[in-house]
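Participant: Letter by letter, the chains look like this.
There are 2 protein chains.
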Amino acid sequence: MPEAELIDHAGLDSAVYLRIYLLGLKIFVPIFVLTWAILIPVNWTNNTLEHSTETYSEVDKLSISNIPHKSPRFWAHVAMAYVVTIWTCFMLKKEYETIANMRFYFLQSEKHRPDQFTVLVKNVPPDAHESVSEMVQLFFLVNHHDNYLTHQVVCNANKLAKLVKTKRKKQNWLDYYHIKYSKNPSKRPMMKTGFHGLWGAKVDAIEHHEAEIEKLTNQIAEERTNVMNNPKAIVPAAFVSFKTRLGAAVCAQTQQVRNPTLWLTEWAPEPRDVYWKNLAIPHVSLTIRKVTMGVAFFFLTFFFMIPITFVQSLANIEGIEKAAPFLKPIIHIKPIKSFIQGFLPGIALKIFLILLPKLLMAMSKFEGFMSKSRLERRSASRYYLFNFVNVFLGSIIAGAAFEQLNTFLNQSANRIPEIIGIAIPMKATFFITYIMVDGWSGTAGEILRLKQLIIYHLKNIFLVKTERDREKAMNPGTIGFNTGEPQIQFYFLIGLVYAVVTPLLIPFILIFFGLAFVVFRHQIINVYNPKYESRAAFWPDVHGRVITALIVSQVLLMGLLSTKHAAATTPVLLALPVLTIGFHIYCKGRFEPAFTRYPLQEAMNKDTLDRVREPNLNMNLKGYLENAYIHPVFKDDDFDDEDALHLDHGAPVVPTKRQSRQNTPTRSRTSNGSAPSLPEIVEEKHKP
Amino acid sequence: MPEAELIDHAGLDSAVYLRIYLLGLKIFVPIFVLTWAILIPVNWTNNTLEHSTETYSEVDKLSISNIPHKSPRFWAHVAMAYVVTIWTCFMLKKEYETIANMRFYFLQSEKHRPDQFTVLVKNVPPDAHESVSEMVQLFFLVNHHDNYLTHQVVCNANKLAKLVKTKRKKQNWLDYYHIKYSKNPSKRPMMKTGFHGLWGAKVDAIEHHEAEIEKLTNQIAEERTNVMNNPKAIVPAAFVSFKTRLGAAVCAQTQQVRNPTLWLTEWAPEPRDVYWKNLAIPHVSLTIRKVTMGVAFFFLTFFFMIPITFVQSLANIEGIEKAAPFLKPIIHIKPIKSFIQGFLPGIALKIFLILLPKLLMAMSKFEGFMSKSRLERRSASRYYLFNFVNVFLGSIIAGAAFEQLNTFLNQSANRIPEIIGIAIPMKATFFITYIMVDGWSGTAGEILRLKQLIIYHLKNIFLVKTERDREKAMNPGTIGFNTGEPQIQFYFLIGLVYAVVTPLLIPFILIFFGLAFVVFRHQIINVYNPKYESRAAFWPDVHGRVITALIVSQVLLMGLLSTKHAAATTPVLLALPVLTIGFHIYCKGRFEPAFTRYPLQEAMNKDTLDRVREPNLNMNLKGYLENAYIHPVFKDDDFDDEDALHLDHGAPVVPTKRQSRQNTPTRSRTSNGSAPSLPEIVEEKHKP
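Chains as they are written, first to last, in UniProt numbering: chain X, 1 to 688; chain E, 1 to 688.
Source of the hints: derived by calculation from the structure; they are not laboratory data.
Be aware that one or more of the hints could be misleading.
Which copy? The list can't say, so a pair holds if one copy fits it or any two copies do.
Straight-line C-alpha distance at most 27 Å; calculated DSSO-like pairs for lysine-lysine [what the hints assert, rightly or not]:
1. Lys588 - Lys290
2. Lys192 - Lys472
3. Lys94 - Lys290
4. Lys169 - Lys215
5. Lys427 - Lys26
Only a predicted model underlies this, so the values are computations on that prediction, with no experimental measurement involved.
Isolated chain X, as found in the complex (with noise of 0.2 Å):
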């Protein structure tokens, strides 16, 4: 399949995610060609090691290990540690164009989609006279009257979405008891109404349920008056529609008023992508949610250890016998005892590993994000960094972070890279080794989709109760940028940081990034199913990353050879990361406001195309746009899950061939058939 086709297929997003294994493979086939031929050999034909008198195997001997204090031979690293930088940037800036002019011609060639004439206005100041909509209408109609077409008002229906899906869960539990008495009339169903159905009053299962819903229906009424009638259920923002692209571009683009804070307009994300959750957040309290979080997250990323490893002390024999005495006799039946000795001690830190994306998650979601791709992109970046402290830096340097944190503190700035660049090529075989279990069978695990069946299998062993619940289990997910990102960028951190101290170790990435790019091409053709479109948006992240790692892999190098008495090659290595932040500067000048902002040249050609092609769209275009930003719970109740509700009701805009599975047909029709048509496939593929 052809880039183009794929493209088509699956979404500009997943067809630029693939392009960062490609990258990775672009970057390092050179490197492992030119640190093979050239510091293999270099570092091969010493014998340092052998004459000293620690113990060494023989990937240090193909290291920088093997070469003797003071030797010229490091000239031959440094002169590679530019090649490597060069390369690198070259590379980086290449992809950096390409994706850009992939996003124009994405946004070019789109068909109509609410976001190109929708701006998201926020923070509307209050007036004691006028409602949000009245004001919203009168400020765009006096400043932007010659492009103003209509808006939308938000809505608080946080808890109408809440009630919604309560009634959801019982009409399930209801179908559930309608099927279990339907198979044995004989009996009826019954069920204790107290938590999760453990105690309470027995009743009437279907009766019960039938009330329940009952209720729930008048409650969702009585909520949606109050909603769509209560002013204070309006949220002071607003989805600004215009009659041209150009017009949003100018709104989206400028500030509307004296006050920078008030009338915030910004490109409004695609209908899918909103997280609705959180437009009703007040946009005072948005600055003090980001440094509560920045904060959080700074204690989680260096004093996480510190519970877990309380947990840890409790969670062995005698922590156990102390804090409950009355265990002892189990305990010290032998297969709980070895079970609890040489499983527990890790488990609470294996749990905390598989929450900790989650949690992430859920921290950007507090911060106030507006749309998914952007909570997306924020758990991407802070589960980066919590990675290089706790798994990079804590592998090298052992000991917690914190500890790390308190050396730091207490040591002068130029003694850091040192102690850290020493410890480098003593750990390049259990990067090797990490690349092999974590990367590897990582990857081709995710072709099995091994977790994905056995969590399918046990979802239907215990939750599926319903046709419907089965449809949701086999949900394929997406590619899951705020994880799999990530940990691409681990392994460009490490390629980049051992391309010149260990080159043995490039290999090792290089079968990562090809294995990986083959099995992930072939999950987004067949199996994942995106959730949103936001055009290649976080490439400027993923730049930035590899960027960031090019620098660590400079700091380090330098303090490496500090201690090897190389003193003359420090001045000349420390041009690196200045010209490298030289270089990543003038990529965002360059490139990254073709990520954020869309050019009125831009969008007065689609316009004008527009005009000559559909010259009555300004017609149909108000009815187009007037609900495209509705809130997905007015539209129908029939939404599944938080997934489903903001997946379903952007179907006028789905960009892709795929279509979700919960979408109804009928809603296929942005499909103009030039390819394949796969979903028929995929459903094939996932019937039980």
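With the hints as your guide, set chain E onto chain X.
Facilitator: Showing chain E alone in chain X's frame:
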């Protein structure tokens, strides 16, 4: 004179400049009262210094040095640090708000000014088939067709301006010789053709100059046609004017094309403020220039002492004897010897410090800023940094800056504030002397304008040849933002650092601010002649530097207290810089856009008002804007020096009652005569 009248008379820039002194008073008067009421008694009622073996002065007895280690009294200082921070931030916020509002009010009350309708477009992409002018017209007709009015391309007229300047000089000499000849008709004035008339063939001066002027006139005419017709003389930049302020505001705030480095738009500086020379600098070289100057400034700040020490080592008796043995008999004459010994070593440093602002200004010009206000702002911030490193840190930790740099690099990060903190209280007397010598006497000298008087008389004796020369020599100049503001900021820094440590110093600061306010108010009303009006665009810089001073003071207090074994106070103090940075970020977001952007609502309001008040404005607007941004050299040849070159031709837009002395009276048509006309008074005052 109330403030409104002052703005009317001298412009917003000057009025806001005065408010910096007022801000100083507002911040330090309550601090003075509080610290003297609380900290002085707290410090005085100890006898640590009396019991110690160190020498101490009475000033030290009133300072924090007099408090014994681990004393709970330090909490008074910590509390006071909080009070100082909160009060300073409160005043800063109030002031920022006031000035942002003043700026908006000024913008709303101004008459039409070309910069409100105009956008400076930079980096117009080259095209093989079309000229820059055609490109600009086409682009804006297509993408801003509703609002585009006219445009003026920018010519590289630097050579022409130079020729015109030379001609003016020769003309002046010719006038001089004419006067000389008319006074003594018996003798034709003669001159030598060589360098500055020092050697070469003797010729008749009048004839020679007439011939030269003739030649130059031809050259100018030739160059003028060249610039007008040669497409290569057209710089890829243009001033694009719009029909409405809204159109200009939209264009200035949006990205025009895909490539964010092409068709760069920004709010045009007012015509007087344009620094024409730099418009011809190719856009690509700007980054390189910026980096070069950044590096150059770093070396200038940290290593300027090296060449000066070298000069000083030469400029002593032995050095001169060695370098030029033939001078030996002369330099051993008693008065010459003592002059050399006493004066010469310091003179290199003195000359350097006098030339420093000019050097920094030249660096800013090299960096390529396009308006004089930006040039002055950049010079000011560099001058402040230089003073901070070399005067403030340099006085506290004796030793040249590059030695400090070395110390800091080899120290752990949290030792640095301690090193400086310990030294702070000891240097209080030095800074008191500094305030008196530099601040008080400098301000007193300013009102007497002694320096200017001396320079004027020196010029009168040596340089003035004609009436025009005398006028030039009499130019009272401007406030000198690039040197004046960093000086004020230095007193903010000292004041904030010593507020808690040695409160005795505060009244000296107060006297400086009071004195300077009175003096500069007088000078602004009666003497200075503003070159341009940037509408207080410098306030974000002023605000930022006070914040910097605040943070420096907090960090140093933390360092000082940690050496006093008052470890319990450190975490409490640690919150201060964090809070201050938070406050700064808040202010930046809340107020800074007021100084860089023109909100659409404001532009729209003003447009609407205009349309009501002057319905036929649009017809006149084109004629008014068509030539507003023409290079002054094209308007007429009749200009004097560089200042006049930019000052003269902004006449239709002069916003203040004060007229440049070089302006002809007919140009004062924008004055509306509501305030007493002061130019005459000034004129009177300066008649020799």
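Participant: Against each hint, give a clear statement of whether it holds in the structure.
Facilitator: So, going through the hints one by one against the coordinates:
1. Lys588 - Lys290: Classified as both; 23 Å inside a copy, 17 Å across copies.
2. Lys192 - Lys472: Intra 26 Å, inter 100 Å, cutoff 27 Å: intra-copy only.
3. Lys94 - Lys290: between (34 Å within a copy, 25 Å between copies)
4. Lys169 - Lys215: Result: close within a single copy only, 14 Å intra versus 96 Å inter.
5. Lys427 - Lys26: within (25 Å within a copy, 59 Å between copies)
Figure legend: structure checked against the earlier numbered hints; every hint is met.
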